[in-house]
Amino acid sequence: MTAAARTRLVIAALGLLTAALFAGSLLVGPAGFGMGESLRALLSGQGDAIALVMREIRLPRALLALLIGAGLGASGATLQGYLRNPLAEPGLLGISGAAALGAVLALYTGLSVAFPLALPLSALTGAIAATVLLQGLAGSAPGSISLILAGVAVSSLAGALTSLVLNLSPNPFAASEIVYWLLGSLADRSMAHVWLAGPFIVAGIALLALTGRALDALTLGEDAAASMGIDIRRTRTLAVLGTALAVGAGVAVAGSIGFIGLVVPHLLRPITGGLPSRLLPASALGGAALLLAADLAVRLIAPDRDLKLGVLTALVGAPFFFWLVWKGRRSLT
Amino acid sequence: MTPLLSLERVTTSRAARQGRRTVLDAVSCAIAAGELVGLLGPNGAGKTTLMRTAIGLAAPESGRIRLMGDDLGRLPPSERARRVAYIPQDRSIAWPVTVETLVGLGRQPHRTTEAENRAAVARALAETGLEALGHRLATRLSGGERARALIARALAQDAPLLVADEPMAGLDPAHSLALMETLRRLARGGRGILVSLHDLGLAARWCDRVILLAGGRIIAQGHPRAVLTPERLAAVYGITAHFAEDDGGLILVPTAVLGG
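Quick note, the sequences are listed as chains V and E, same order. Per our numbering, residue 1 is the first one in the first sequence, and the count goes up by one each step. Per our numbering, residue 1 is the first one in the second sequence, and the count goes up by one each step.
Any given hint could turn out to be false.
[As the list claims (entries may be wrong)] Some but not every residue of chain E turned toward chain V, in silico, with C-beta under 10 Å: (1) R52; (2) A85; (3) P88; (4) S92; (5) V97; (6) T98; (7) L102; (8) G106; (9) T139; (10) R153; (11) H175; (12) F243; (13) D247; (14) I251; (15) V253.
[Unchecked claim] One-sided excerpt, in silico: chain E residues whose CB lies under 7 Å from chain V: (16) I55; (17) L57; (18) A81; (19) Y86; (20) D90; (21) A94; (22) W95; (23) Q108; (24) P109.
In short, the hints are calculated from the structure, not lab data. Built from N, CA and C at the ideal position, the CB exists for glycine as well.
The whole structure should be built from the sequences, with the hints applied where relevant.
If you want it as structure tokens, here you go:
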């Protein structure tokens with residue numbers, strides 16, 4: 001089978017898996033409704049309590065997992081392709097760190113209590129500020145190293161400022177509220193969150209999808225790609241803006257969720273045959289499936305302990321990465 | 001006949017500690033269809049800059065570059081890519097793609113059908129003798145095979161002009177000779193080829209013409225026999241060489257570094 005045919009098969013399989021997990025996410029929760037009545041309530045809006053739970057609690061949660069996971073997967077695949085580095089991931093550019101800082105500031109100042117959407121809006125502002133800073137630092141410089149260094153600088157600054165806010169928090173409760181938020185979760189999100197983040201994430205993924213052909217050419221390095229007619233600067237702008245929109249908006253409503261943007265492209269690259277343009281859609285679907293599965297898992301493993309989503313993805317992701325490194329030791333050199 | 005590529009008094013410079021340092025100084029040369037031209041010169045002479053500037057990857061400060069008669073700066077990037085293919089010195093391949101996929105990347109500037117692309121890839125693999133390796137991973141090839149695969153990628157671009165930056169670097173004598181043979185055959189087939197290389201012996205024997213660059217200036221250009229004289233080798237490289245001749249052309253073997 002050719003890599004192109006295999007990619008189509010993988011995308012179809014991941015699409016089915018994502019759909020199944022999405023349905024599963026709608027059907028699992030502390031209120032044990034039957035499958036039939038849940039779906040009927042969701043679609044018709046009839047049956048007061050069930051419809052309310054389905055439409056206001058489970059649907060936004062499932063939609064956010066789908067969108068955020070897809071954004072993380074697409075962004076990871078794009079950044080690895082653009083930077084020609086399998087260790088690249090959305091957090092590398094400092095955009096998620098800056099979005100988290102924005103959210104933390106909203107929590108610290110009490111804005112998030114006065115006005116519920118202040119937290120995601122403040123986080124989005126953080127993501128935008130980081131993007132402007134990133135483009136200002138590395139926008140015109142050639143080569144991917146300058147972008148990585150600028151990302152590390154932005155990321156360190158955001159981390160330092162987040163620590164400062166924690167350090168200055170007036171009491172342990174405020175500090176623990178911030179820490180809990182940083183761990184990442186999809187619990188108790190509403191349709192307002194979906195409407196706030198959804199359009200940004202979709203727009204971000206659309207921008208990332210435009211980079212596919214250019215990333216393929218970049219397999220041979222910047223000079224070879226440029227000689228094949230690829231505009232490197234446009235590609236970088238699309239990759240950075242797409243990541244800012246997709247990942248920044250995701251962090252804004254769900255906190256930091258690690259490892260998905262790193263692990264999913266790794267897992268799918270051997271199956272899709274290495275070309276970034278084939279990896280990108282597969283990785284978006286894979287990210288959505290993984291985040292839906294992780295969000296299901298936190299509900300099933302510890303229904304009454306509020307296990308945080310970001311903690312679970314890191315707990316599962318890190319050993320998985322161990323295994324990848326172990327398995328790939330010889331081919332990495 | 002219009003040459004494929006012509007440079008007229010092209011000058012470039014780069015930022016230095018004080019002001020700017022000239023990298024190319026009023027360079028004028030041309031490449032015609034059907035000829036294999038060697039670009040020679042010591043390290044830092046400006047060979048890579050000349051190649052990158054000549055194909056539009058770096059803008060010249062002054063001077064004029066024409067690609068198949070048209071002003072290079074005015075050509076849209078995709079049209080430029082249909083006229084000239086470039087093989088940079090960097091031979092890294094970021095992802096484990098098959099040789100066929102790698103060569104297929106050369107089809108990017110063309111808006112052609114899948115069948116046409118496949119035919120072009122098959123042609124390029126045949127021209128470089130890689131038919132049997134199409135399904136192998138490009139990242140697992142030996143150095144010589146990889147160099148050929150990257151040339152095949154450039155051939156799939158179907159451009160009349162081919163510019164290659166030290167494609168022979170790091171190859172054993174057999175692979176170097178085979179690559180030179182391939183380049184000459186491609187030139188005989190009608191392509192214009194500009195190739196930079198350090199092996200004076202290969203250049204002397206295989207190139208139709210050579211351009212000798214030093215300190216950003218063209219010292220001489222023309223037939224290897226006319227350009228590669230003992231005096232110039234002493235002045236440019238600071239070496240002596242042994243010269244001979246046989247049926248295959250000029251034999252040039254560098255012999256010693258000139259003292260003091």
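May I ask which of the numbered hints given earlier this structure violates, with the numbers listed in increasing order? Result: hints 11, 12, 13, 14 and 15 break, sorted rising.
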